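*Asks:* Here is what each chain is made of, one letter per residue.
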Amino acid sequence: MEEFSIDIKHHENITILNLNGFLDAHTSVELETCFEEIISKENYRIIVNFEKLSYISSAGLGVFMAFIEAARDNAGDIKLCAMSDKIYNIFDMLGFPILFEIYKEQKSAIEKFS
Amino acid sequence: MNSSDKILFTSSTKNLSLLRDFIEAKAIAFGFDDSTINQIVLSVDEACTNIIKHAHKYDEKEMIEVETKPEKGQFKIIMKYKGNGFNPNDIHNPDMKDYFNDFKVGGLGVPIMKKFMSKIEFVHMNSDYNYLTLTKSLQS
Chain A
1 MEEFSIDIKH HENITILNLN GFLDAHTSVE LETCFEEIIS KENYRIIVNF
51 EKLSYISSAG LGVFMAFIEA ARDNAGDIKL CAMSDKIYNI FDMLGFPILF
101 EIYKEQKSAI EKFS
Chain B
115 MNSSDKILFT SSTKNLSLLR DFIEAKAIAF GFDDSTINQI VLSVDEACTN
165 IIKHAHKYDE KEMIEVETKP EKGQFKIIMK YKGNGFNPND IHNPDMKDYF
215 NDFKVGGLGV PIMKKFMSKI EFVHMNSDYN YLTLTKSLQS
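Heads up: the protein sequence lines correspond to chains A and B, in order.
Okay, so the first sequence: first residue is 1 according to this note's numbering, each after it adds one.
Okay, so the second sequence: first residue is 115 according to this note's numbering, each after it adds one.
Where hints are given, some of them may not hold.
Claimed, not checked - Straight line, CA to CA, 20 Å or less: simulated SDA-like cross-link-like pairs of lysine to any residue:
1. Lys-9(A) to Lys-86(A)
2. Lys-218(B) to Gln-106(A)
3. Lys-120(B) to Ile-151(B)
4. Lys-218(B) to Ile-68(A)
Hint data in this document are derived by calculation from the structure and do not stem from the laboratory.
Predicted, not measured: the structure shown is a model, and the values here were computed from it.
I would like the entire structure built from these sequences, with the hints used as guidance.
*Replies:* Now the structure itself:
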């Protein structure tokens with residue numbers, strides 16, 4: 001399986017990051033760089049689609065924590081969607097749904113930005 | 115078991131996927147369910163990430179040895195490494211409400227290990243070696 005890749009799409013003024021593979025302390029650097037580029041271009045409305053992500057460790061979770069404040073301070077957000085139960089359980093166990101909006105379907109995340 | 119119960123790898127995050135595959139195969143052979151296997155794999159990943167980051171400071175000349183030991187109703191993972199070891203039991207879990215209010219980053223590896231594993235033991239054997247043992251009981 002592919003180690004990790006990010007497929008970036010745009011829907012109106014929303015940036016959608018489709019994650020593939022696994023997100024650990026090694027591959028999370030690539031996601032961090034991707035977020036830095038998006039935020040530097042003043043794109044603050046971001047959806048992360050987890051449908052093709054097979055694994056996440058705390059290093060991956062840290063990337064979302066690192067950029068959520070910048071997004072919200074600029075009237076944007078980082079909304080998460082399409083997680084497998086395995087990945088959702090990690091987010092849920094640590095309480096991430098307190099801070100992040102997590103949707104079953106990408107469509108719902110897009111609608112919330114409207 | 116028909117394959118080695120020990121893996122030795124250079125202290126680099128690029129080896130974490132190899133480590134996860136090794137732990138997953140051993141946990142399956144021990145007879146855990148899928149959910150528990152995921153918890154064990156994640157906990158060992160977090161433990162070794164901390165060793166790579168904090169004890170070895172990403173120095174790829176350092177090595178980590180990971181051994182699995184199935185015992186009566188228990189599955190043990192022993193990580194042996196040089197450097198400045200630390201005992202995860204000395205680290206208090208963060209208050210997650212404050213964590214999210216303050217937009218904190220990092221520091222979740224130990225809480226994950228504590229949540230998912232039955233027991234964590236740390237021994238600083240001598241000036242050279244540290245042993246970190248994560249244990250998962252079949253019942254927990």
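*Asks:* Run through the hints listed earlier and report the numbers of any the structure violates, in increasing order.
*Replies:* The structure conflicts with hints 1 and 2, although it agrees with all the remaining ones.
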